[in-house]
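One-letter residues, chain by chain:
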Amino acid sequence: MPEDFESMLRTGALAVAEATKPVAVDLVRARGDRRQRRKMVASVVVAIAVIAGGAATAVGGPPAEHRHPSPAISREGFSLRLSAPASYAFRVPNPVSFTIDDSAGARTVIVEINLGKTHYAVYRKAVVERFDQATGRWRNLRVTHTRSGWIASYPLRVGTGLTRQRLLVVLAVPFSAPNPFVLPPLAVVIRSGGEIVAEQRTSAAEAVELLGAWQGTTYSQIDRGQTREFAFTVHNPASVRYPVQLYFVAAFCRKAHGCSQAALGDQFQWLDGRIWQPAAASAYLINGASDGNGELLKTVLLPAHGSFMIRFRIIVSLTSPSFVGQLIVSATPDSSGLPGSAALYLAPALTTATFPIGIN
Amino acid sequence: VVRDQGSFDEFYASSVRRVTSQLHAITGNRADAEDAVADAYARAWQRWTRVSGYDDPEGWVRTVAYRTFVSSWRKAVSRNMAHRRHGASADEAGLSPDYVAIIAALRQIQADQRRAIVLHHLVGLSVEQIARETGAPAGTVKARLARGRRALAPLLSDGPPRPGQLIQEVIGDA
Chain A
1 MPEDFESMLR
11 TGALAVAEAT
21 KPVAVDLVRA
31 RGDRRQRRKM
41 VASVVVAIAV
51 IAGGAATAVG
61 GPPAEHRHPS
71 PAISREGFSL
81 RLSAPASYAF
91 RVPNPVSFTI
101 DDSAGARTVI
111 VEINLGKTHY
121 AVYRKAVVER
131 FDQATGRWRN
141 LRVTHTRSGW
151 IASYPLRVGT
161 GLTRQRLLVV
171 LAVPFSAPNP
181 FVLPPLAVVI
191 RSGGEIVAEQ
201 RTSAAEAVEL
211 LGAWQGTTYS
221 QIDRGQTREF
231 AFTVHNPASV
241 RYPVQLYFVA
251 AFCRKAHGCS
261 QAALGDQFQW
271 LDGRIWQPAA
281 ASAYLINGAS
291 DGNGELLKTV
301 LLPAHGSFMI
311 RFRIIVSLTS
321 PSFVGQLIVS
331 ATPDSSGLPG
341 SAALYLAPAL
351 TTATFPIGIN
Chain B
1 VVRDQGSFDE
11 FYASSVRRVT
21 SQLHAITGNR
31 ADAEDAVADA
41 YARAWQRWTR
51 VSGYDDPEGW
61 VRTVAYRTFV
71 SSWRKAVSRN
81 MAHRRHGASA
91 DEAGLSPDYV
101 AIIAALRQIQ
111 ADQRRAIVLH
121 HLVGLSVEQI
131 ARETGAPAGT
141 VKARLARGRR
151 ALAPLLSDGP
161 PRPGQLIQEV
171 IGDA
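Chains as they are written, first to last, in my numbering: chain A, 1 to 360; chain B, 1 to 174.
Read the hints as simulated data drawn from the structure, not as lab findings.
We treat Cβ as the ideally placed atom computed from N, Cα and C, and that holds for glycine.
Please note that a few of the clues may not be correct.
[As the list claims (entries may be wrong)] Every beta carbon over 10 Å from chain B, so not counted as near; a handful from chain A, in silico:
1. PRO22
2. ARG107
3. SER307
[Said to hold, decoys possible] Now the stretches of chain B that chain A is said to cover, found in silico as 3 or more residues with beta-carbon under 8 Å:
4. 8 to 20
5. 23 to 36
6. 43 to 52
7. 149 to 155
With the rest of the complex left out, here is chain A (with noise of 0.2 Å):
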């Protein structure tokens, strides 16, 4: 943890504690007094009805709407068409493109990419990367922090007629970051002679992360001789496809002895296609273990706004002793399927989800 935590909390509370607009003390006395007398007619019952519907409610929400970008401003014979996402990708090279139609003849112009300013504590530098049709690769840009944005420029020799950029986009974005995240808007801005020739830029737009559930997350207990199954879902809420790494852990306990021996005479499996495959002895972990990924069951490719699902099972003898533990599924973006410099993309963004079974 840094050093300062402690001074940082207690600065933040303040601030906190000082823009918070109290209810007037008038209407929490009045709201005393209802209750009191709500619950001397025993009516308390809608109360509790009034908070979980708001609950409820917070957990839906709306879906995400389709952005689209602003009037491009066009100079001098220039036009420009941008093309990026609604919703990033989190740690992930985002494919963002625009297309520059020049009417007045070749030059050579200097591109802007400008990310915008993130309003959080940024200790990751935004990367930009794009194609050169010249060489095949993806060509690092360098980025520099100003007061307006990040921004990423090179120069550019444009010809008559269409002229397409394709680029990837690392966003500046912290580990703990919010999920999701809003996004300043994305600019492009053309220059030619130190002028602006053309500019176009996106709406506000939002950076998520990959969703991690089991279906049902209640206790789940069972008897001896018995098979289970279970389902974990992985979404991704970006307008972004990538490919993604699924692990699977089993955690088993003693109840009486702690964490100390995992249950290795019950079968896990999950499902490949059509057919059960026992987890590896890595999927077993004992508690004591300082790096246990668990076993890579599968690597993905989650389309924009796709799920994933996949099945497992346990079958627990009649002899096995009893267990507690939790079932885990870890999703992160596979590094190695990313375009561009898999290199600097080594921060991958993690769903981790957990489900606690017992062997009785």
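Using the hints provided, position chain B relative to the given structure of chain A.
Relative to chain A, chain B alone:
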């Protein structure tokens, strides 16, 4: 029984902002914190003749607000899933980026660890005081503090987490 309105109003005015900021750190959501705190003060007023005689009425309000927050959400969703789905709320305008990062990191660790961390590092309670407020043994509080700090470390650093790091934290309380 006649309740002393003046002493309650004074208590409310002197403590409500502080308790709200503490609940915000614990819950990660300012609106939830304000609702839970308002409800807790209303409950305090209901039984003010008794609560006002406690050694630490502010601690009582904080505890009741936390329970209100937890119980109201448990009725609808799994706490962890709600955190993971929604991350930090959008009501953080005006807060420093560092504090937003801390709140976001706190939301990603286990609830009992987060509560212990906030009570110790923000409220300034000792292990024994936290044990009394949370109803957990002192040894458990120490373990929650240690695990909470371990879980926070990678979240507040620049380095990427490894799946194993998080899994180790997840099974820490198994």
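Taking the hints in turn, this is what the structure says about them:
1. PRO22: violated (4 Å)
2. ARG107: holds (41 Å)
3. SER307: It holds; SER307 of chain A is separated from chain B by about 14 Å at its closest Cβ, greater than 10 Å.
4. 8 to 20: holds (count 8)
5. 23 to 36: It holds: at least three residues are needed, and the region 23 to 36 of chain B offers 4 whose Cβ sits within less than 8 Å of chain A.
6. 43 to 52: holds (count 4)
7. 149 to 155: It holds, with 5 qualifying residues against the three required.
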